[in-house]
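Peer 1: Sequence:
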Amino acid sequence: MNDGPLSLGETRDLLAQLSHMPKKWLGQNFLVDGNIVRKSLELAEIKSGDCVLEVGPGLGTLSRTLLGAGVELHAIEADRTMLFHLEETLKSRWPQTFFLIEGDAVDKPFADLQNREDGTFKVVANLPYAISTPWIDAICGGPHPSIMVLMLQREAAERLTADVGTAHWSAVTIQVALAFEKIKVHPVPSQSFNPPPKVDSCLLVLRRRDHPRRLSARAKEVARGLFTQRRKQVGSSAKKLFPNQADVTRWLERLPEFGLTSLARPQEIPAEAWLSL
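Just so we're aligned, residue 2 is where the sequence shown starts under my numbering, counting upward by one.
Derived by calculation from the structure, the hints in this document are not laboratory data.
Even glycine gets a Cβ: it sits at the ideal position worked out from N, Cα and C.
Incorrect hints may have been included.
Stated by the list, open to error - The calculated label-pair distances, taken between Cβ atoms and stated as ranges, are:
#, residue 1, residue 2, range
1, His212, Glu88, 33 to 43 Å
2, Pro144, Lys48, 13 to 23 Å
3, Gly69, Thr229, 37 to 47 Å
Stated by the list, open to error - Cross-link-like lysine to any residue pairs, in silico, SDA-like; alpha carbons within 20 Å at most:
#, residue 1, residue 2
4, Lys221, Arg266
5, Lys92, Asn195
6, Lys233, Leu261
7, Lys183, Glu273
8, Lys233, Thr167
9, Lys25, Asp80
10, Lys221, Ala139
11, Lys240, Leu253
12, Lys241, Gly226
13, Lys199, Tyr130
14, Lys92, Asp80
15, Lys233, Pro197
16, Lys199, Gln154
17, Lys241, Arg251
18, Lys185, Glu46
19, Lys183, Thr162
20, Lys183, Cys203
21, Lys185, Arg155
22, Lys40, Glu73
23, Lys241, Gln230
24, Lys25, Ala79
25, Lys25, Ala131
26, Lys24, Pro197
27, Lys109, Leu84
28, Lys221, Gly166
29, Lys24, Pro196
30, Lys185, Glu43
31, Lys183, Ala163
32, Lys25, Asn195
Just need the whole structure built from these sequences, with the hints factored in.
Peer 2: Here it is in structure tokens:
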């Protein structure tokens with residue numbers, strides 16, 4: 002095989018050689034469209050020497066293309082069969098630039114890059130759809146990549162980049178809005194995968210803001226609580242969920258600074274207002 006993306010035939014042959022059936026619970030829909038792989042690198046503005054994080058590399062179609070482009074690749078994989086395959090094929094070929102971690106990406110969202118400084122690495126990943134929201138939630142709380150190109154279910158991309166005042170505005174969306182700017186959404190047809198998913202997919206491009214901000218742990222706790230009762234006014238919800246808690250009371254009293262009152266519902270409150278918690 003060359004250093005480029007794996008074709009549908011090569012993917013099927015590899016799966017047969019490994020006696021591996023795609024695992025639905027791991028979101029194993031293997032990317033087989035070379036144009037989409039190359040588009041991912043283009044959107045991430047990949048250049049030789051970049052430090053890149055990949056989540057769920059699977060058979061390595063994206064990994065081998067990134068490594069062939071000269072990046073330093075850090076990848077985390079939960080499937081033992083895929084892990085051994087990657088070690089035997091890619092790790093043996095690029096021992097100095099391919100760092101492969103075994104584990105769950107929700108537990109280890111940065112693989113081994115958790116101590117990197119903001120803006121010093123990129124993310125290019127075909128995310129297992131089931132973990133996309135908790136993984137991004139974790140990424141927003143740590144060092145921020147300079148750019149992320151994420152393969153997502155289209156509905157998930159819409160939720161993550163929703164506007165305030167809409168039904169999809171959420172605790173995670175707030176964190177994304179504070180740290181990243183949505184650059185582009187590139188549609189990806191289902192036939193780009195083996196097996197084809199039953200949902201629409203897309204490449205979501207997020208670029209780190211010049212001055213990204215993070216919610217405090219307390220703000221996340223309060224936001225998550227209030228969004229569980231998104232149809233209720235935040236004042237009444239706060240009395241039940243956070244009774245007699247002075248910091249929440251002070252936060253409610255500051256809502257008029259944002260043109261709101263405690264009668265507002267959580268999806269009506271902009272990202273900046275949550276920073277005061």
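Peer 1: Are the hints correct? Go through all of them and say.
Peer 2: For each hint, the structure was consulted:
no. : hint                       : in the structure
1   : His212 x Glu88: 33 to 43 Å : 40 Å, holds
2   : Pro144 x Lys48: 13 to 23 Å : 20 Å, holds
3   : Gly69 x Thr229: 37 to 47 Å : 46 Å, holds
4   : Lys221 x Arg266            : 16 Å, holds
5   : Lys92 x Asn195             : 24 Å, violated
6   : Lys233 x Leu261            : 14 Å, holds
7   : Lys183 x Glu273            : 17 Å, holds
8   : Lys233 x Thr167            : 15 Å, holds
9   : Lys25 x Asp80              : 12 Å, holds
10  : Lys221 x Ala139            : 11 Å, holds
11  : Lys240 x Leu253            : 11 Å, holds
12  : Lys241 x Gly226            : 10 Å, holds
13  : Lys199 x Tyr130            : 12 Å, holds
14  : Lys92 x Asp80              : 16 Å, holds
15  : Lys233 x Pro197            : 39 Å, violated
16  : Lys199 x Gln154            : 10 Å, holds
17  : Lys241 x Arg251            : 16 Å, holds
18  : Lys185 x Glu46             : 13 Å, holds
19  : Lys183 x Thr162            : 7 Å, holds
20  : Lys183 x Cys203            : 13 Å, holds
21  : Lys185 x Arg155            : 12 Å, holds
22  : Lys40 x Glu73              : 19 Å, holds
23  : Lys241 x Gln230            : 11 Å, holds
24  : Lys25 x Ala79              : 13 Å, holds
25  : Lys25 x Ala131             : 10 Å, holds
26  : Lys24 x Pro197             : 13 Å, holds
27  : Lys109 x Leu84             : 16 Å, holds
28  : Lys221 x Gly166            : 18 Å, holds
29  : Lys24 x Pro196             : 10 Å, holds
30  : Lys185 x Glu43             : 12 Å, holds
31  : Lys183 x Ala163            : 10 Å, holds
32  : Lys25 x Asn195             : 12 Å, holds
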